[in-house]
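**Q** The primary structure of each chain is shown beneath.
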Amino acid sequence: MKKKNLKVGLFIPCYVNQLYPQVGIATLELLEKLGVDVHYPQGQTCCGQPLGNSGYEEDSKGICQLFVENFKAYDYIVGPSGSCIYHVKHHFDILEQTEDVKRVRDNAYELCEFIVKVLGKKDLGASFPHKVGLHKSCHGLRGLKLGSCSEVKGEHYSTEEDLLNNVKGLQLMSLNRQDECCGFGGTFSVFEETISVKMGKDRVNDHIASDVEVLTGADHSCLMHMEGLINRNKQPLRVMHIAEILNSTL
Amino acid sequence: MNHAKRATEFNKDEAKVNWHDKALWYVREKRDKSAHNVHGWEYLRELGSALKANVLSNLDTYLVQFEENAKKNGVHVHWAADAKEHNEIVLSIMNKHKAKKVVKSKSMLTEECHLNPHLEKHGIEVIDTDLGERIVQLAEEPPSHIVLPAIHKTKEDVDVLFQEHLGTIPSQGNPEYLVGEARKHLRNKFLNADVAITGVNFAVANTGGFVVCTNEGNADMGVHLAKVHIACMGIEKIIPREEHLGVFLRLLARSATGQPITTYSSHFNKPEEDKEMHIVIVDNGRTEQLSREDFRASLHCIRCGACMNTCPIYRRSGGHSYDYTIPGPIGSILSPGKDLKKHSSLPFASTLCGSCSNVCPVKINIHEQLYKWRQVIVKEEPQPVIKKTIMKTAGKVLANPKLFEVAGKSARFALKHAPRFMVYNKLNAWGNARDLPEVKGDSFEEWYKKRNKNNE
Numbered sequence: 001m002k003k004k005n006l007k008v009g010l011f012i013p014c015y016v017n018q019l020y021p022q023v024g025i026a027t028l029e030l031l032e033k034l035g036v037d038v039h040y041p042q043g044q045t046c047c048g049q050p051l052g053n054s055g056y057e058e059d060s061k062g063i064c065q066l067f068v069e070n071f072k073a074y075d076y077i078v079g080p081s082g083s084c085i086y087h088v089k090h091h092f093d094i095l096e097q098t099e100d101v102k103r104v105r106d107n108a109y110e111l112c113e114f115i116v117k118v119l120g121k122k123d124l125g126a127s128f129p130h131k132v133g134l135h136k137s138c139h140g141l142r143g144l145k146l147g148s149c150s151e152v153k154g155e156h157y158s159t160e161e162d163l164l165n166n167v168k169g170l171q172l173m174s175l176n177r178q179d180e181c182c183g184f185g186g187t188f189s190v191f192e193e194t195i196s197v198k199m200g201k202d203r204v205n206d207h208i209a210s211d212v213e214v215l216t217g218a219d220h221s222c223l224m225h226m227e228g229l230i231n232r233n234k235q236p237l238r239v240m241h242i243a244e245i246l247n248s249t250l
Numbered sequence: 001m002n003h004a005k006r007a008t009e010f011n012k013d014e015a016k017v018n019w020h021d022k023a024l025w026y027v028r029e030k031r032d033k034s035a036h037n038v039h040g041w042e043y044l045r046e047l048g049s050a051l052k053a054n055v056l057s058n059l060d061t062y063l064v065q066f067e068e069n070a071k072k073n074g075v076h077v078h079w080a081a082d083a084k085e086h087n088e089i090v091l092s093i094m095n096k097h098k099a100k101k102v103v104k105s106k107s108m109l110t111e112e113c114h115l116n117p118h119l120e121k122h123g124i125e126v127i128d129t130d131l132g133e134r135i136v137q138l139a140e141e142p143p144s145h146i147v148l149p150a151i152h153k154t155k156e157d158v159d160v161l162f163q164e165h166l167g168t169i170p171s172q173g174n175p176e177y178l179v180g181e182a183r184k185h186l187r188n189k190f191l192n193a194d195v196a197i198t199g200v201n202f203a204v205a206n207t208g209g210f211v212v213c214t215n216e217g218n219a220d221m222g223v224h225l226a227k228v229h230i231a232c233m234g235i236e237k238i239i240p241r242e243e244h245l246g247v248f249l250r251l252l253a254r255s256a257t258g259q260p261i262t263t264y265s266s267h268f269n270k271p272e273e274d275k276e277m278h279i280v281i282v283d284n285g286r287t288e289q290l291s292r293e294d295f296r297a298s299l300h301c302i303r304c305g306a307c308m309n310t311c312p313i314y315r316r317s318g319g320h321s322y323d324y325t326i327p328g329p330i331g332s333i334l335s336p337g338k339d340l341k342k343h344s345s346l347p348f349a350s351t352l353c354g355s356c357s358n359v360c361p362v363k364i365n366i367h368e369q370l371y372k373w374r375q376v377i378v379k380e381e382p383q384p385v386i387k388k389t390i391m392k393t394a395g396k397v398l399a400n401p402k403l404f405e406v407a408g409k410s411a412r413f414a415l416k417h418a419p420r421f422m423v424y425n426k427l428n429a430w431g432n433a434r435d436l437p438e439v440k441g442d443s444f445e446e447w448y449k450k451r452n453k454n455n456e
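As you go down the protein sequences, you meet chains C and A in turn.
Note that the first sequence ends on residue 250 in the UniProt record's numbering; no numbers are left out.
Note that the second sequence ends on residue 456 in the UniProt record's numbering; no numbers are left out.
Isolated chain C (complex conformation) (with noise of 0.2 angstroms):
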């Protein structure tokens, strides 16, 4: 297949768009180094998630719907977020089933997993000498399988990893649980606040006590969620969206 025909539409979640546009830049750029034909359609919000998760599945339709005509000329839809593309592919079925959207359901894609199954490839020729603890977020992990589950059996497999591994001085560090939900759950951080908190803290606290530098992640909202309690409690661990470790070549 050549894959330099083919037109990838960047998705950029609306609070990466916000809050942390590095993570966008750093995607557009790892894409564009792989020599992706990668366009971002301007206009872009949303995927609808947050209204989905908290029951507002009904008013979210507008949104969904954007989303679709904004990607419905792509041959892919790439995104740096798990739970996102999870959505997209999983919670879009109270649109009407027009080829648009089935198509684009059919051929969204979370970041690493286009890199791995799309481009196959592994080696991106990055290099980021630091000890990494890798976040699994549920919804990519359970949701869209980007690796093997702890409850599951079944050989071990995992797309982060396996670009994570081949990042030149990357150190991956290994877990107490290695796929324990950090708490965040869209609007759960709110209203659950207390459990949302304490599970984060115990997140936190087992990448510290495996000798963490970097903590990483495909799905910044898990990030976001644990850097908040990491910057309030002053620890030493530092927090990046994998694209940016992918995209280093320091």
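Source of the hints: derived by calculation from the structure; they are not laboratory data.
Positions of the beta carbon are idealized from the N, C-alpha and C atoms, including for glycine.
Cross-link-like lysine-lysine pairs, in silico, DSBU-like; alpha carbons within 30 angstroms at most:
hint, chain 1, residue 1, chain 2, residue 2
1, C, Lys153, A, Lys33
2, A, Lys16, C, Lys234
3, A, Lys84, A, Lys275
4, A, Lys409, C, Lys234
5, A, Lys440, C, Lys33
6, A, Lys426, A, Lys379
7, A, Lys409, C, Lys72
8, A, Lys5, C, Lys201
Only some residues are given here: those of chain C computed to face chain A with a beta carbon under 7 angstroms:
hint, residue
9, Ile12
10, Gln18
11, Pro21
12, Tyr40
13, Gly55
14, Tyr56
15, Ile63
16, Glu151
17, Val190
18, Glu193
19, Gly228
20, Arg232
Given chain C, work out where chain A should sit, using these hints.
**A** Frame of chain C; chain A shown alone:
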């Protein structure tokens, strides 16, 4: 009080939360090891799920077949539409035998029906004989877990409780001593009981027999000593054929505690000579749940508790935070069907991480059902004004790129320039324990536009 508030109560003692979390995580890891040792574990789950789906589609046939066969074996079969009927039937059997003392082995159904207070009201002594159940009974609390009913209590708590109720001497929570004393206390109760009540794990349609699984042997002890055995079961406990036990018994214990099989899998088929055996088959809202297509599969549940052990919320909020007989993820999809208003916070007590669905031995799509209940609850129950306004507004803003741009800009401006007290205050639950993201200059979209202009 909703789940979040009760969870906050539980979290006032962080050391205890850590202990609770670790104790249950230990069980979860034991489950992983034991389940993953079974060649074809995932296939076994498929089978369990398919069998339960078959059962739910053919309940009418299997239940009648079961009744017929049980009657042939000399068992009395009773049907109860709801908890009230169930309790009345049990009481009437007791009265017929002028029974005053009951020993009970673990049965979540009788908890669900609040049988104990009903019998006690009529002057009957009810003793729960499962050790964990006895502990919470003495503490006058409901079980906090369906397999480990007293998991919220430390051995020191039990020490104090036994001193008060069983007259034990202080032992600093010595488990051997406490178990020994409980054994003596319970032995007496077993010997003097008129009636033994048990639950039912699996009722076999083609034989009319049923199986009760325990680790303490307390079901057998009770049944063999008392003159009358009453077994209470929900309609969904039926399985088509005896050989299907080979699927479910393998799934149940491994999922529940990581044991290859429960210490006792007791098969009851017919009463002993000069004794009576009764089965009470209970609906109590189950057919209503069966009629809800999206939530039907919740009735697959074989009550192993694996979803509780794996749930990162349950482990940190404790079983009582759910305020329902069946706590945890499975309780959060069963309870709204019983009382939507009362339990409307439970489907939101989840991050939808999906670990529950992954461990479920009968493959209930628990986290997907949680998502679906949320949609139902927002439609049918009045929602907090703030949440509703935010969501409805977000729906409009995010469907409109121009509005989104303006909103994003003002939010970033506020985050960057507003004084700290305006950002971090009681209205902002995010900011109590977490910092907000540091705002950079441009949004990605603004950066992208500038870059394209420079490249032109």
